[in-house]
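K.L.:
Chain by chain, the residues:
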Amino acid sequence: MRTFPAEESAALGGPAWLSNRRAAAFERLVGISPPTDEAEVWRYSPIGRLDLDAYRPVAAPEHGAALDGALALADEFGAGPRAIVHNGRIALLERRGLPEQVVFAAASSLETEPSGFGEVVGRDDFFVALNDSFTPDAITLEVPARVTLDEPVVIVHWCDGGTGDGPAPTTLLRSLTRVGEDAEARVIEVIAGPADAGPGLVVPVGEMVVGDRGRLSYVMVQDLSHDTWHLARLGATVGRDGTLKSFTAGLGGAYDRCRVDAAAVGQGSSTELTTVYLGSGDQIHDVRTLQDHVAGKTTSDLLCKGAVAERSRSIYTGLIRVRNGAARSDAMQTNHNLVLDASAHADSVPNLDIEENDVRCSHASSVGPVDEDQRYYLESRGISPDRAERLIVLGFFDDIVERSPVPSAAGPLRRRIGQRLAGLLGRGGESDG
Amino acid sequence: MTATGTLKVSDLHAEAGGAEILHGVDLEVAPGEVHVVMGPNGSGKSTLAHALMGRPGTTVTAGSITIDGTELAGLPSWRRARAGLYLALQHPIEVPGVRLEAVLTEALRETDGDAGRVASSLDAEADAIGFDRRFLDRALNVDLSGGERKRNEILQMGVLRPRFAVLDEIDSGLDIDALRSVARRVELATSEWGLGVLAVTHFRRLLQELRADRVHVMVGGRIVAEGGPELADELDTSGYGAYSA
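Sequence order for the protein chains is V and Y. Note that the first sequence covers residues 100 to 532 in the working numbering. Note that the second sequence covers residues 6 to 250 in the working numbering.
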């Protein structure tokens, strides 16, 4: 850990609990080997190419002009409470009418450690330990019992990225969202930076705890530069009859890894995980999900859809686990991959681990080019092949974007995907003259 | 508006799945006429429909398909559609995320340039055949029943106003009331803009609802008998067996 020394961790400061937490994490970190692609959870990934000596913790930024871009992003996704996090430091936090009893704060401003911090994602993962050791701060949102937030909370993480000189910046992002009994919240996290940012590493860790009968809708949009590695880890636990609806979108990144573990721990709870990705150039999108049924009568529904163009590739790995005691659970897992160019590639790896008899599990997956029958159907209406393909691919994405559990995220997502696709489809020119 | 050219199919041979299915089919449909091709399962009716529309995998190996003298046989399906041909599919498929209105707007934008009328004619066409207007906002055929999908094919035909429509088993999946309203819409189109119709079926039921000018019997990839609607009555007593190739 030459470029991630203990002194840098210690220098991050903050309240005693946070400093102590980082110090303990650093001790842990030096005892964990960085992962290789031989580990099952990193299969098919390029993680073996990551040389941490080429990175270092990102420096504290001058907020300045970067804030304008971040604020514009926040406005695009919602008009309610917001936070701007710049290189991992909270640059702005506006409550905008949040009920008084709701905690929405920088962790560094809290006198005691927020309850549940670190408990969802555990302690044995290398990148979680790296995050624990070097995250400058964290956004905490705690919605007490029986409180419903009217507006979605928007958190924009702005990451400056590298210039190409010296070790590349590593930005450690952290959030903790707790929704109490019978409470309800909607949260959008946007992870972005300058489109032309040079090499960098962004490691977000997000934890969600949903209480009994609580309801959390969560959206994460990653739109970093195509030179940035993004290694995200999201974890959630849902209490009795509670509901989590999570939606993650992977647009940017050189290697974009998004792992979402959702545990239905209370009887009758449900999780709905939706994830979308779009690859072009040499991008790699790697989506890994866990639908973990801990208690009985729980339901989970996963839908992952994405497209790879040019030389990009994607990996979807999903595990449905129904633990002993989770009888009468119902799990669905669906993964559809569009392969838009012959040089692109998609892998789909569904897995089941069922320890109960009385359960329903189903999964479906597909990998391939635009469906011939759909194309013929549209062409039989007089639509040229280029335009038919464009309609079908845009529809493929529209179909999933409209499932965003926070509606205000759908428009911005549709725009970004539409812009990307405009440059990727019909490059053969208009052959319909 | 009354069109003048005919849809003419001459000595059409077509292959699907590596085997010749159509062994020389001749048909001629004038504007405003309704022709019905009847035949048992496996007689080549659906292959005829797809050979006319140009489905990939169905290859015309000899013969010709013309509208108004323009040869269609070598053209991709979208060019055939622009020449005025329409196919109502036997099994209309779902196209997730692609709204009906977007498809029709795109189709009209490229043909007659009057895409602006899509929204208003959608409502009118939906009402004409009892297609629930709520379905108009859905992605193409997504979460529609088999019968609703069939109506949707006729609805699209009404908006696009092709010169000739091939209806592949339009009667299957429709209950009698739905079939009746679909048949009325098709008949009206024959006078409204001179639509020529080639309906393919293996049930005589269609002929009880759709007034046909000509009936053709297809067996073993050939037209083996032709006549007026009374031909269907003969089929009812003698069956297709009398025509076995």
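It should be emphasised that the hints constitute simulated quantities derived from the structure, not laboratory data. Please note that the accuracy of each hint is not assured.
Taking CB as the label site, the calculated pair distances span [stated by the list, open to error]:
no. : chain 1 : residue 1 : chain 2 : residue 2 : range
1   : Y       : T242      : V       : D440      : 52 to 62 angstroms
2   : Y       : D31       : V       : D381      : 22 to 32 angstroms
3   : Y       : G151      : V       : I131      : 11 to 21 angstroms
4   : V       : S461      : Y       : D148      : 14 to 24 angstroms
5   : Y       : D148      : V       : G168      : 47 to 57 angstroms
6   : Y       : R138      : V       : A171      : 47 to 57 angstroms
7   : V       : R148      : Y       : S125      : 29 to 39 angstroms
8   : Y       : S15       : V       : E409      : 11 to 21 angstroms
9   : Y       : G22       : V       : P293      : 35 to 45 angstroms
10  : Y       : I98       : V       : D446      : 35 to 45 angstroms
11  : V       : P506      : Y       : S150      : 46 to 56 angstroms
12  : Y       : R209      : V       : R142      : 31 to 41 angstroms
13  : Y       : P61       : V       : D152      : 29 to 39 angstroms
Backbone N, C-alpha and C fix where the C-beta goes; we use that ideal spot for every residue, glycine too.
K.L.:
Return the numbers of the hints above that this structure violates; sort them in rising order.
P.N.:
2, 3, 5, 6, 7, 8, 9, 10, 11, 12, 13
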